[in-house]
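Build the full structure now, drawing on both the sequences and the hints.
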Amino acid sequence: MKRNYLFLAAAAAVCISFTSCKKDKVEVWRDDTPTIDFNDPRVLNALLEISDKYGDYPHSDGRSYTQFKDMNGDGKVSEKEAARVQYLNISGYGIRNFDELKYFTSLEIFYSENNPIEDLDLSGNTELKQFSCMSNELTSLDVSKNTELRTIDCKYNKISVLDINGCEKLEELNCEGNSLQRLVLDRCSALQKLNCAYNGLTSLDVSDCPDLRTLECNDNSLTRLDVSKNKYLESLSCSGNPLEELIIYEFYSLPESFIQTYQDIIKYSR
1 MKRNYLFLAA AAAVCISFTS CKKDKVEVWR DDTPTIDFND PRVLNALLEI
51 SDKYGDYPHS DGRSYTQFKD MNGDGKVSEK EAARVQYLNI SGYGIRNFDE
101 LKYFTSLEIF YSENNPIEDL DLSGNTELKQ FSCMSNELTS LDVSKNTELR
151 TIDCKYNKIS VLDINGCEKL EELNCEGNSL QRLVLDRCSA LQKLNCAYNG
201 LTSLDVSDCP DLRTLECNDN SLTRLDVSKN KYLESLSCSG NPLEELIIYE
251 FYSLPESFIQ TYQDIIKYSR
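Each residue of the sequence shown is one higher than the one before, starting from 1 at the first, in UniProt numbering.
Honestly, the hints are just simulated from the structure, not real lab data.
Please read all numbers here as calculations on a predicted model, not as lab measurements.
Cβ atoms here follow ideal geometry from the backbone N, Cα and C, with glycine treated the same way.
It is possible that some hints are incorrect.
Claimed, not checked - Below, in silico cross-link-like pairs of lysine to aspartate or glutamate (EDC-like), each with a Cα-Cα straight-line distance of 16 Å or less:
#1 Lys80 / Glu100
#2 Lys169 / Glu216
#3 Lys231 / Asp219
#4 Lys129 / Glu172
#5 Lys193 / Glu234
#6 Lys145 / Glu168
#7 Lys69 / Glu49
#8 Lys158 / Glu137
#9 Lys231 / Asp211
#10 Lys129 / Glu171
#11 Lys193 / Glu216
#12 Lys158 / Glu113
#13 Lys158 / Glu118
#14 Lys267 / Asp226
#15 Lys129 / Glu168
#16 Lys145 / Asp186
#17 Lys69 / Asp121
#18 Lys129 / Asp99
#19 Lys80 / Asp31
#20 Lys53 / Asp40
#21 Lys102 / Glu79
#22 Lys229 / Glu250
#23 Lys193 / Glu137
#24 Lys231 / Asp208
#25 Lys76 / Asp56
#26 Lys76 / Asp40
#27 Lys76 / Asp32
#28 Lys102 / Glu137
#29 Lys102 / Asp40
#30 Lys229 / Asp211
#31 Lys169 / Glu127
#32 Lys145 / Asp121
#33 Lys80 / Asp37
#34 Lys69 / Asp56
#35 Lys229 / Asp264
#36 Lys76 / Asp121
#37 Lys231 / Asp205
Said to hold, decoys possible - Simulated restraints on C-beta separations:
#38 Asp205 / Lys169: 15 to 23 Å
#39 Gly73 / Ser207: 51 to 59 Å
#40 Thr261 / Glu171: 21 to 29 Å
Structure representation (structure tokens):
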């Protein structure tokens, strides 16, 4: 009987040891995808700095997003390493070209602020939810493939036409301080905050934005503004326009001080 107990004890010890080894097993990074050759070496420098300094990014939404990591330590970026990135902030690195953004297919949050980039192709980043390219040199921005976007901040660029048509999940758009002559917001039914101040707009159609709460369109060239379809509008800044007619919802939510300021040009509509 004693021999049996000793045998069972030995077997249990082996099992525990084997289980412990399995738990401590480290997965080896296997990667046979091509290395990305960046046109602008500053992109690679930025990514390697991110890899050295930061881990996953803890966002205010409670999620932890994967940042770039040089998984095999070779000082290069493979397509597989790029494809796993969910959060990327390359602001202020002086980057002029980022044609290789298409390899970052899992990207959900992307910041490229204060870079002299003139063109940015987001067509390969279909998971993108939050995007900021503030203070670049962009003359155009195509987000037609980015239907998951919730926020866009493209202020202080040189964009003349901005078409956000079909971004049905977009909640916030800031395009202040561009050269906008035309802004298309068709089917932006979730939009709540819009700042298009300091542009050259002569017309603005927000009728497809029924949930709009805040609108800043001051310092444009608007002579007429119709916000009668925006029943929940609580804040409207439209000074600095040659407005002759302002149409609002009859049972408005705007403050009385605003109504008094523009009472001479206001018309009410249901």
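- With a cut-off of 16 Å on the C-alpha distance, tell me whether lysine 231 and aspartate 208 pass. OK: lysine 231 and aspartate 208 at ~12 Å, within 16 Å.
- Message: Between the alpha carbons of lysine 229 and aspartate 211, is the straight-line distance 16 Å or under?
- Response: 9 Å, holds
- Message: Need the status of pair lysine 193, glutamate 234: alpha-carbon distance at most 16 Å?
- Response: 10 Å, holds
- Message: Need the status of pair lysine 158, glutamate 118: alpha-carbon distance at most 16 Å?
- Response: 9 Å, holds
- Message: Just to be careful, I want the Cα atoms of lysine 76 and aspartate 32 compared with a cutoff of 16 Å; is the pair within it?
- Response: 13 Å, holds
- Message: With the threshold set at 16 Å, check whether the alpha-carbon distance from lysine 169 to glutamate 216 stays at or below it.
- Response: It is violated: about 20 Å lies between the C-alpha atoms, which goes past 16 Å.
- Item | Distance restraint between lysine 102 and glutamate 137, which requires alpha-carbon spacing of 16 Å or less | 20 Å, violated
- Straight-line alpha-carbon gap lysine 145 to aspartate 186, limit 16 Å: The given pair, whose Cα atoms are some 15 Å apart, holds under the 16 Å limit.
- Query: Is it true that the CA of lysine 169 sits at most 16 Å from the CA of glutamate 127?
  - Reply: Within the cut-off at roughly 12 Å; holds.
- Task: Mind checking the alpha carbons of lysine 80 and aspartate 31 for me, to see if they're no more than 16 Å apart?
- Result: 7 Å, holds
- Given the hint of 51 to 59 Å, check if glycine 73 and serine 207 actually sit that far apart at their C-beta atoms. Given a distance of about 54 Å, which is inside 51 to 59 Å, the answer is holds.
- Query: Does the alpha-carbon distance linking lysine 53 and aspartate 40 stay inside the 16 Å limit?
  - Reply: 21 Å, violated
Violated hints for the displayed structure, listed by number in ascending order: 2, 3, 17, 18, 20, 23, 25, 28, 35 and 36.
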